[in-house]
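There are 2 protein chains.
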Amino acid sequence: MSAIDLLRDELRTIGDLDSISAALDWDQATYMPDGGAAARGRQLALVSEMAHAKRASSTMRDLLSACRDLESRDDVDGALVRRARQRHERATKVPAALVRAIKEHSAEAYVAWTHARPANDFASVRPLLERGLDLSRRLADALGYVDHPLDALIDENDRGSTVASTVALFDALRAELVPLVKAITAAKPLDASILARPVPAHVQLEFARSVAEQLGYDFHRGRMDLTHHPFMTRLSGGDVRITTRVREDDFGEAFFSTVHEVGHALYEQGIDLAFDGTPLGEGASSGVHESQSRFWENFVARSPAFWSRFLPELKRAAPGTFDDVDVERMVHAVRHVGRSLIRTDADEVTYNLHVMLRFGLEKDLFDGAVKVAELPDAWNARMTTDLGVTPSDDREGVLQDVHWFCTTIGGSFQGYTFGNMLAAQLWESAATAMPDLETAIAAGEFDRLRAFLIDRLHRHGAVYDPAQLIERATGKPLGIEPLMRHLRANYGALHGVA
Amino acid sequence: MSAIDLLRDELRTIGDLDSISAALDWDQATYMPDGGAAARGRQLALVSEMAHAKRASSTMRDLLSACRDLESRDDVDGALVRRARQRHERATKVPAALVRAIKEHSAEAYVAWTHARPANDFASVRPLLERGLDLSRRLADALGYVDHPLDALIDENDRGSTVASTVALFDALRAELVPLVKAITAAKPLDASILARPVPAHVQLEFARSVAEQLGYDFHRGRMDLTHHPFMTRLSGGDVRITTRVREDDFGEAFFSTVHEVGHALYEQGIDLAFDGTPLGEGASSGVHESQSRFWENFVARSPAFWSRFLPELKRAAPGTFDDVDVERMVHAVRHVGRSLIRTDADEVTYNLHVMLRFGLEKDLFDGAVKVAELPDAWNARMTTDLGVTPSDDREGVLQDVHWFCTTIGGSFQGYTFGNMLAAQLWESAATAMPDLETAIAAGEFDRLRAFLIDRLHRHGAVYDPAQLIERATGKPLGIEPLMRHLRANYGALHGVA
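Going line by line, the protein sequences match chains A and B.
Residues 866 to 1363 (my numbering) make up the first sequence, in order.
Residues 866 to 1363 (my numbering) make up the second sequence, in order.
I should point out that these hints are in silico values taken from the structure, not numbers from a laboratory.
Check the hints yourself; a few may be wrong.
As the list makes no split between identical chains, a pair holds if one copy fits it or if it spans any two.
[What the hints assert, rightly or not] Derived DSS-like pairs (lysine-lysine); straight-line CA-CA distance at most 30 Å:
no., residue 1, residue 2
1, K1053, K1341
2, K968, K1053
3, K958, K919
4, K919, K968
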């Protein structure tokens, strides 16, 4: 066997261990009885330690050495060796004691957060956030960076992005977005009340399932189950699962979370199967992944074309509930904008302000411009400036998201907004490539749109760096204009904003 | 840490790997989409290789050496070291090439069987059975034995039993059973037609679930799902799952398969949690395990006391379906006896004849008294002698069971009949310990009965050898009389057989 084949074999074994973790995680989040938790924790730790040991091993080091000649090549094998080396180096750079400390801290902080949030008790988690920040700095130091420690953490999820590049994009976006939100929220709000009409859970789930299938999610290579916090997970190229949740008095909950996860799943199902189990067989970055969920959730499934196709199906599925609703009213409901305090409830227009607030605070914490003790005030001040609403307590403010309590502080949020920007950019490219895009959507024909995304994005997996992939796919670097054009055209106009 | 603690830790790691396999198997049998099969096969092979490597490792050898002093002790630590040594020796005795050859052969033979059975094509699988027999002999040689090669394979599942001890029991049982079956099947058959009345699947499943809960199966430490071939699996002491299947026109299918798996699960849920993850934290043998499923399925759930409690509940669950049925009629239905050709359809009286036939043929194959080519005729002849019916083709005969096509030939069947014998023996012990046993069952009170089984059997896990455990639990060695007394009293009498 050649060196690259031996390397690929070893990487597939690591990939199989990661897939086993994914299967155990999926089970834990869907069907595992409470009594299974302790043993499952041990099992997950065991598998991730085994994968870590193989990534850091001298075997891996030697395999990479044997493949050194390929590493600079501008082809799939070159990309494979580069990705494998990045993981090997990460595994060897970060001391095992630090990995363990972060894991133990996260477990403790998560439990504390589950108590602190309902009790509105920031003081109780303040020391944990301070320790979390310290551990995050130490992780950044171990990983290494050129300009800013946060660069190291951003790079973990959005390879190639930095504080500098992110701040440049976010400052520009915020400058456009804040006035738009102000103008839209000053106008008469759209009526979203029809989404609160009760629809039985099984009807919602069957409708969501039918839409998922029509969008092209392959149930022979996936499945859909209920969970608390919906997610998509790849157990292998042939087994890409989604989860959803349902509320009888909130039609948007199950429907849009399903379409969101379908977007993630279509990406995974579209990756070249030849890459399966290797570091090339996954999405290119958090931001690119989020672009796919947002593409289908916001650009397809909130459009008039989409509802001209699916409103009749929804009316048949829930007889009597939406008889008086036409496409315009449905689109108004799903494009309702409000000054929400909670990120996960936010609409497409205000959402990125929530994300950028968090990213900005992460940067301020790392820079020392804000101390952990000052976080609640800093949070509330920025909410007031950006969104025109002020949390009445920390439950609606700094305590709302789990992220800072379950992983490092830094690196988790920027991808959400990168994803929204890229989704808009891809939507414009798709509309250029398919002049009849809206007609096709209105006809329920998604094959060509999916083929476009597969060809430009999905099939390449992690072969390209995100920036390269975005340029290849859309002809230009990631920018804010497509997103702003979309928001102005589809939200500004609806609210009489020029 | 002491040597025994280090050994226990290493055993728990192996136990976690086995539990991971169990979780992946469960997923494969319940929810995994078709597309996941190839990667799942790789994942399962990887985990089982890792467990095997740890069992056979020099680390394990050294840990066992360090614990040598404990090994002869008549306590839990002694038992732990003995069980660990048995596994270590098994892992080191059997050459990896033979393990692989058996696995590959089984995969091939299984697929061939799935085609041969519906096609009634014994000739196509004959060479595979010949090879299977050869591999089984080689496995027996590798494992080692004193008297008979089959002893080695029996010992894998029913430790301590041998061909000689099994033949002694089975010859005695057969001598009593054949005339009883002849007499019962000569009498007017009981009416089982009510079990074919259609009951919606969800009603059957809810009723089965309710009964499972009332029998004491703890759903906080387990769950129940649908599958093709029902099974129980332990993912950990806190996560013991059952599966079932349902046919709308066969009430017995879901109900008795659920109660059967509940019996297995109560055993696993009753094992001392201190043993969890170690070789002591599992059932003592196939036969002892089967005794628990049969105890609840046949001795509890086919009794008049049971149906006096649960028939009213069934009538409420399926309104109108069983209004004209009284307890006697229900018991007649669930104790219907027939000369079935198919083991899995067989009733409690004839079932053991099917099992003993298979065990007898395994012995004959090993002894050379029957050649593979002669199997169909030998099968049919013995069916005619023992059950008075002759298969019209091999689908109803030698091709009906998967066992010989998916694992070794030998060792798999005897436990079914050991289980039926032991269930009867335990039932008599329970009735002695609880003179009000039937009254308690009729009142739906199962706590004391469960406590009896936990105390005598479950909690000990695999601490004792099966023979020791049986003596401790019932005061005597495994014998045929309790089973014959049960069959005569509960089946002979119903059919007017003295």
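Next on the checklist: Under the constraints set out in the numbered hints, which ones does this structure not fulfil?
Outcome noted: Structure breaks hints 1, 2.
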